[in-house]
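Number of protein chains: 2
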Amino acid sequence: MIRAKLLILPKTGVFDPQGEALRNALIQLGLNETQSVRVGKDIVIEFKDAEEEKLKEKVEEVAKNFLSNPVIEQYEIEWEKEQK
Amino acid sequence: MIRAKLLILPKTGVFDPQGEALRNALIQLGLNETQSVRVGKDIVIEFKDAEEEKLKEKVEEVAKNFLSNPVIEQYEIEWEKEQK
Numbered sequence: 339m340i341r342a343k344l345l346i347l348p349k350t351g352v353f354d355p356q357g358e359a360l361r362n363a364l365i366q367l368g369l370n371e372t373q374s375v376r377v378g379k380d381i382v383i384e385f386k387d388a389e390e391e392k393l394k395e396k397v398e399e400v401a402k403n404f405l406s407n408p409v410i411e412q413y414e415i416e417w418e419k420e421q422k
Numbered sequence: 339m340i341r342a343k344l345l346i347l348p349k350t351g352v353f354d355p356q357g358e359a360l361r362n363a364l365i366q367l368g369l370n371e372t373q374s375v376r377v378g379k380d381i382v383i384e385f386k387d388a389e390e391e392k393l394k395e396k397v398e399e400v401a402k403n404f405l406s407n408p409v410i411e412q413y414e415i416e417w418e419k420e421q422k
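Chain order of the listed sequences is A and B.
Here this note's numbering = 1-based position in the first sequence + 338.
Here this note's numbering = 1-based position in the second sequence + 338.
Since the hints were made in silico from the structure, they are not lab data.
Among these hints, one or two may not hold up.
Unchecked claim - With a Cα cut of at most 20 Å, we get these calculated EDC-like pairs of lysine to aspartate or glutamate:
#1 419(A) with 384(A)
#2 394(B) with 384(A)
#3 343(A) with 358(B)
#4 392(A) with 380(B)
#5 386(A) with 358(B)
Stated by the list, open to error - Far from chain A, by Cβ distances over 10 Å, these chain B residues were calculated:
#6 353
#7 358
#8 408
#9 418
These figures come from a predicted structure and were not determined experimentally.
For glycine and all other residues, C-beta sits at the position ideal for the given N, C-alpha and C.
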């Protein structure tokens, strides 16, 4: 089994309303040390065993073209392999 | 500067409608090897330097009581420290 962990976050410098709202809430909850907050999506996909290079290429393409908005978001993919 | 990366995902076994919809979409996009998809939130919080143990306790409490729903979600926190 192969696992891809996609982390999709707003690009640094792009205004993140969710992050800003959360930053204010954390300060009100007593976390005065809070400087910045970014809120993103995390997508964990598990695949049956497959030809790794081809799979990675396809997932990279899907991440760039469908799962993230390249104008305001950046993404990174972490790969894990589990022997079953 | 201290950074906390909160990963909040649906508990395994809890029905994840977003994950299910995405799983079907990935299969239609040609990723037939897709077995399961879980969609969650990723929150990256940066703090001014502070007393670490106290900060970690506060963030743990906020994560449990405000940022995640303990009935259907699980969370994990990764800590990073940057010397400035």
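Cross-check of the supplied hints:
1. 419(A) with 384(A): holds (10 Å)
2. 394(B) with 384(A): Violated - the C-alpha atoms of residue 384(A) and residue 394(B) are around 31 Å apart, more than 20 Å.
3. 343(A) with 358(B): Holds - the C-alpha atoms of residue 358(B) and residue 343(A) are around 16 Å apart, at most 20 Å.
4. 392(A) with 380(B): violated (27 Å)
5. 386(A) with 358(B): holds (16 Å)
6. 353: Holds, since 15 Å exceeds 10 Å.
7. 358: Consistent with the label, residue 358(B) stays out of reach of chain A, its closest Cβ about 12 Å off (over 10 Å).
8. 408: Given that every Cβ of chain A is farther than 10 Å from that of residue 408(B), nearest at about 17 Å, it holds.
9. 418: Residue 418(B) clear of chain A: closest Cβ-Cβ about 14 Å, beyond 10 Å.
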